[in-house]
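K.L.:
The residues making up each chain are set out below.
There are 2 protein chains.
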Amino acid sequence: MKEIEYFKGVKVGIVGYGKLGQALESRIYAREDMCLVAIFSKREGLVSPYGTLLAKTDDLPSFENRIDYLFLCGGSFSDMEELSIKCARIFNTIDCYDNHAKMSEYISSLGKVNKESKTTSLVACGWDPGLFSMMRCLLSSISEGDATTFWGKGISQGHSNALRQIGGVKDALSYTIPVARAIKQCKDGEYVPDKQKHKRVCYVHKEHSASKRALREIICHVPDYFEGYDVRVHFVSQTRLNKMKQKLFHRGEVFKSFSIKENHFDMNFSLNLDSNPLFTAECLLIGLNALKSLARAKKYGTFTLFDIPLKYLSPLPKPNLVSKYI
Amino acid sequence: MKEIEYFKGVKVGIVGYGKLGQALESRIYAREDMCLVAIFSKREGLVSPYGTLLAKTDDLPSFENRIDYLFLCGGSFSDMEELSIKCARIFNTIDCYDNHAKMSEYISSLGKVNKESKTTSLVACGWDPGLFSMMRCLLSSISEGDATTFWGKGISQGHSNALRQIGGVKDALSYTIPVARAIKQCKDGEYVPDKQKHKRVCYVHKEHSASKRALREIICHVPDYFEGYDVRVHFVSQTRLNKMKQKLFHRGEVFKSFSIKENHFDMNFSLNLDSNPLFTAECLLIGLNALKSLARAKKYGTFTLFDIPLKYLSPLPKPNLVSKYI
Numbered sequence: 001m002k003e004i005e006y007f008k009g010v011k012v013g014i015v016g017y018g019k020l021g022q023a024l025e026s027r028i029y030a031r032e033d034m035c036l037v038a039i040f041s042k043r044e045g046l047v048s049p050y051g052t053l054l055a056k057t058d059d060l061p062s063f064e065n066r067i068d069y070l071f072l073c074g075g076s077f078s079d080m081e082e083l084s085i086k087c088a089r090i091f092n093t094i095d096c097y098d099n100h101a102k103m104s105e106y107i108s109s110l111g112k113v114n115k116e117s118k119t120t121s122l123v124a125c126g127w128d129p130g131l132f133s134m135m136r137c138l139l140s141s142i143s144e145g146d147a148t149t150f151w152g153k154g155i156s157q158g159h160s161n162a163l164r165q166i167g168g169v170k171d172a173l174s175y176t177i178p179v180a181r182a183i184k185q186c187k188d189g190e191y192v193p194d195k196q197k198h199k200r201v202c203y204v205h206k207e208h209s210a211s212k213r214a215l216r217e218i219i220c221h222v223p224d225y226f227e228g229y230d231v232r233v234h235f236v237s238q239t240r241l242n243k244m245k246q247k248l249f250h251r252g253e254v255f256k257s258f259s260i261k262e263n264h265f266d267m268n269f270s271l272n273l274d275s276n277p278l279f280t281a282e283c284l285l286i287g288l289n290a291l292k293s294l295a296r297a298k299k300y301g302t303f304t305l306f307d308i309p310l311k312y313l314s315p316l317p318k319p320n321l322v323s324k325y326i
Numbered sequence: 001m002k003e004i005e006y007f008k009g010v011k012v013g014i015v016g017y018g019k020l021g022q023a024l025e026s027r028i029y030a031r032e033d034m035c036l037v038a039i040f041s042k043r044e045g046l047v048s049p050y051g052t053l054l055a056k057t058d059d060l061p062s063f064e065n066r067i068d069y070l071f072l073c074g075g076s077f078s079d080m081e082e083l084s085i086k087c088a089r090i091f092n093t094i095d096c097y098d099n100h101a102k103m104s105e106y107i108s109s110l111g112k113v114n115k116e117s118k119t120t121s122l123v124a125c126g127w128d129p130g131l132f133s134m135m136r137c138l139l140s141s142i143s144e145g146d147a148t149t150f151w152g153k154g155i156s157q158g159h160s161n162a163l164r165q166i167g168g169v170k171d172a173l174s175y176t177i178p179v180a181r182a183i184k185q186c187k188d189g190e191y192v193p194d195k196q197k198h199k200r201v202c203y204v205h206k207e208h209s210a211s212k213r214a215l216r217e218i219i220c221h222v223p224d225y226f227e228g229y230d231v232r233v234h235f236v237s238q239t240r241l242n243k244m245k246q247k248l249f250h251r252g253e254v255f256k257s258f259s260i261k262e263n264h265f266d267m268n269f270s271l272n273l274d275s276n277p278l279f280t281a282e283c284l285l286i287g288l289n290a291l292k293s294l295a296r297a298k299k300y301g302t303f304t305l306f307d308i309p310l311k312y313l314s315p316l317p318k319p320n321l322v323s324k325y326i
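Protein sequences appear in the order of chains A and B. Each step along the first sequence adds one to the number in the working numbering, with nothing skipped, and position 28 is 28. Each step along the second sequence adds one to the number in the working numbering, with nothing skipped, and position 80 is 80.
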């Protein structure tokens with residue numbers, strides 16, 4: 001029995017009320033088939049423009065019987081792993097966890113909790129990781145050789161969050177910018193190491209007392225996120241950052257070229273997004289379609305988009321898929 | 001116990017020895033993990049450049065214990081449905097059946113046979129239907145509105161086969177050409193009926209006695225394939241056709257654009273192929289990865305690419321997929 005019986009449809013919650021949480025909230029209100037029960041944040045004094053109940057993450061356990069599916073929008077850098085595991089003990093969860101380097105470990109520890117707690121989690125379900133992961137897997141399966149990915153120009157939410165965790169950083173943005181020469185080399189079939197494909201351009205508003213030189217040094221050595229990349233760090237005012245934050249565009253492409261004798265083949269998937277968080281929110285929402293199917297079938301464990309047939313991502317019933325899309 | 005014990009790996013057969021069958025044969029010989037037991041054709045006197053055994057389709061039943069998976073490369077127009085059903089009574093099959101209009105019916109009748117005969121079939125597994133179907137399904141699931149597809153310029157194997165079935169046609173090719181104005185309208189968010197998006201330009205080498213006017217009339221009224229389209233029919237010599245057949249290029253794109261308030265979003269998947277049959281053969285080969293998984297798990301029935309998680313299409317084991325492609 002649901003405590004809040006007058007809610008119709010699927011009852012969801014959001015953990016994290018940054019750009020992604022806010023974008024997702026707006027997309028949930030644009031739909032009629034789900035109800036946003038509460039948003040959980042560690043920050044105090046937040047108000048939702050939609051009047052959504054704002055609760056503390058510590059209060060999550062008391063929502064056990066009121067929320068069916070929990071969107072984790074907390075960013076991947078700091079305590080995301082810990083928080084996910086806490087949530088998966090009680091709820092079915094979906095996230096767009098984006099720390100590629102720790103992904104296998106994350107899936108494995110979350111999966112154990114899911115199985116113990118009889119819950120289901122879908123992870124890495126944004127556009128990258130997410131749609132782009134699907135494309136890398138699909139295109140790499142065709143003939144020989146792996147697909148290549150380029151991102152940007154655009155703000156990376158994951159990398160911006162990583163910057164904000166650093167002591168002495170008040171606020172920050174990290175832009176991912178593809179290296180033109182590297183794109184050409186890849187399309188010509190040359191191998192380019194991942195970290196040489198993109199520049200990371202960081203805009204940081206620092207604490208007055210923080211040393212620029214020390215911050216640069218720290219940023220350039222954040223493992224997985226910045227270490228090994230061509231990193232530029234610019235120190236700017238909060239006003240400048242706020243202005244930049246209005247433009248959350250992003251883009252990217254996954255491609256693969258190969259040849260069989262004299263025949264050349266190009267496959268390309270590209271996204272051009274005016275708003276990264278709004279598009280990521282839409283990706284989480286198709287993931288929810290799959291999470292619902294998995295949870296209802298009592299498939300307990302941690303899933304990625306590699307485990308899920310397309311029919312579960314679509315809101316349409318199977319016979320309609322065949323007649324409309326085959 | 002396999003009759004032909006000295007074959008290592010997966011034993012496959014090909015039904016149909018047109019352009020696709022030939023391309024697939026060459027791709028199978030480029031791999032070491034499968035063995036092409038025989039190619040089945042209705043035509044007499046064929047010789048394989050690889051020395052593959054050529055057998056009559058009537059002999060298929062005698063290969064029951066010698067072939068694990070059968071590729072159906074017979075074209076969709078004439079007796080493909082009938083032949084598929086005959087094959088699925090004995091073998092696990094995979095095809096790139098492309099008659100969109102009859103797809104649901106095809107899946108349903110084939111599925112019954114699969115269940116009775118404890119076999120597994122994967123259908124519509126080329127690039128369209130196939131990869132493009134996956135993209136239409138995926139992109140259409142995101143936010144609102146359906147994805148749009150444009151093909152060409154390129155030869156359509158399905159439509160060319162359809163022409164060749166017509167009495168009085170000795171040989172023929174059908175080119176699909178996108179209508180430039182329609183592409184623009186679609187990208188601007190306007191609705192364009194499917195049959196107004198492309199022209200069908202047919203090159204026909206006719207029997208001496210056949211009437212041009214009568215053939216034009218018949219071609220323009222072939223249901224599903226030509227009826228309702230802007231169709232141009234040119235009568236040409238066999239020499240000219242043979243020259244055109246050397247260039248089996250094709251291309252196409254699936255895209256979707258949508259807006260949320262002032263934010264615009266573009267998603268685009270495109271293919272640019274020097275050889276349509278070679279690429280279709282590669283698509284069938286990733287399908288085989290999935291068919292193997294399904295058949296080994298005793299999942300009897302007819303499947304489409306909508307039913308199959310990406311991990312089954314990839315030749316790599318799951319943990320590698322996560323570390324390489326997420």
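By construction, these hints were calculated from the structure, which means they are not laboratory data. Any given hint could turn out to be false.
Note that the list lumps identical chains together, so a pair holds whenever it fits in one copy or between two copies.
Claimed, not checked - Cross-link-like lysine-lysine pairs, in silico, DSSO-like; alpha carbons within 30 Å at most:
(1) Lys184 - Lys112
(2) Lys153 - Lys184
(3) Lys212 - Lys243
(4) Lys299 - Lys206
These numbers come from a predicted model, not from an experiment.
K.L.:
Since the copies are identical, ignore which copy is meant and state whether Lys212 and Lys243 lie within 30 Å (CA to CA) inside a copy, between copies, both or neither.
P.N.:
within (22 Å within a copy, 68 Å between copies)
K.L.:
When Cα atoms must be at most 30 Å apart, do Lys153 and Lys184 count as within-copy, between-copy, both, or neither?
P.N.:
Both, since 16 Å and 26 Å are each at most 30 Å.
K.L.:
Go through the copies and call it for Lys184 and Lys112: within, between, both or neither, with a Cα cutoff of 30 Å.
P.N.:
neither (43 Å within a copy, 50 Å between copies)
K.L.:
Within a copy, between copies, both or neither: where do Lys299 and Lys206 come within 30 Å Cα-Cα?
P.N.:
neither (46 Å within a copy, 59 Å between copies)
Hints 1, 4 from the list above are not met by this structure, while the remaining hints are.
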